[in-house]
Amino acid sequence: QVQLVESGGGVVQPGRSLRLSCAASGFTFRTYGMHWVRQAPGKGLEWVAVVSYDGHAKYYADFVKGRFTISRDNSKNTLYLQMNSLRPDDTAVFYCAKDTDGSYFDSWGQGTLVTVSS
Amino acid sequence: QSALTQPASVSGSPGQSVTISCTGTSSDVESYNLVSWYQHHPGKAPKLMIYEVTERPSGVSHRFSGSKSGSTASLTISGLQAEDEADYYCCSYAGPTNSPSWVFGGGTNLAVL
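Residue numbers (my numbering), protein chains in the order written: chain E, 1 to 118; chain A, 1001 to 1113.
The following block holds chain A by itself, in its conformation from the complex:
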């Protein structure tokens, strides 16, 4: 299973919006609405930000939203804040049912300028 493809880095100014893409294949992202996104500050535990493509866990800011089209999922962060600066990883269930697996993206470093 190859890693999902994410841009290595994105940046934005406070208050702006940024979108991070996550491209997979017909075996993962395209086949399942089971894409999740994680925020990771180095040295800390990763944090779930989006699950099942568009769902936001309780406690996660409404500024975070997810979407998917075909084999590409996206995470959009609106109203950028300094605290959003972190690494972001997408993940997709990659099946199959009798041998489940999960595949992550390579990660995107978000810089808030």
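Just chain E, same shape as in the assembly:
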């Protein structure tokens, strides 16, 4: 079955960088778009970014444009999120999610917690 396992979260100071990873298995990773979605403490889910199946198309929520970069390595079945210039309001659990035809997220990981604090 589909399995998505996020890693790379932790505590980081404001202004610093962090790279999240999402290891995928149980499906043909290279044929599906992939997303990052986050949830700040006590808040709802918030879409962050999407990358196409081949890595060529990337789109971002306005609040992360220029700071975050989504990418993928289809040879490693792994999705990434490079986060730069982190701010305290980026503190959240970050989930990776599998796309289906661009309309919904049919599988999710359990998330990795990022805490931005001095």
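Treat the hints as calculated values from the structure; they're not laboratory data.
Even glycine gets a Cβ: it sits at the ideal position worked out from N, Cα and C.
Take these hints with a grain of salt, some might be off.
As the list claims (entries may be wrong) - Straight-line Cα separation of at most 30 Å, DSS-like style, residue types lysine-lysine; simulated pairs:
#: 1; chain 1: A; residue 1: Lys1068; chain 2: E; residue 2: Lys76
#: 2; chain 1: E; residue 1: Lys58; chain 2: A; residue 2: Lys1047
#: 3; chain 1: A; residue 1: Lys1068; chain 2: E; residue 2: Lys43
Claimed, not checked - Rough simulated footprint, nothing fancy, chain E against chain A, three-plus residues with beta-carbon under 8 Å:
#: 4; stretch: 1010-1021
#: 5; stretch: 1096-1104
Said to hold, decoys possible - Chain E regions said to be covered by chain A (calculated; three or more residues, Cβ under 8 Å):
#: 6; stretch: 32-46
#: 7; stretch: 97-106
Given the coordinates of chain E, work out where chain A should sit on it, guided by the hints.
Quick look at chain A alone, frame taken from chain E:
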């Protein structure tokens, strides 16, 4: 893109039905039949319950159903069970094609009393 509007909480007794609303705008819910619903138990992976407004993934109980009218989508859960107690989020594709985005609701906590 502003978040879709959901009630913060709803509740019902076992066996009853509840409906959770999700109000968007002409830029998202009203324009696309691409509303999905997710069940989220804290600490676990969110689970897809409804996609494309009314479609139910295999393995999801028939007690869950979705609908849409104008800019408001709804999730109805019939025959409430204790295991249904969770947070529920709606989501809509918000386009446009050359710069796709998705918007979630703020979430609704369902309590089964």
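- Task: Provide an ascending list of the numbers of those earlier hints which the structure does not satisfy.
- Result: 1, 4
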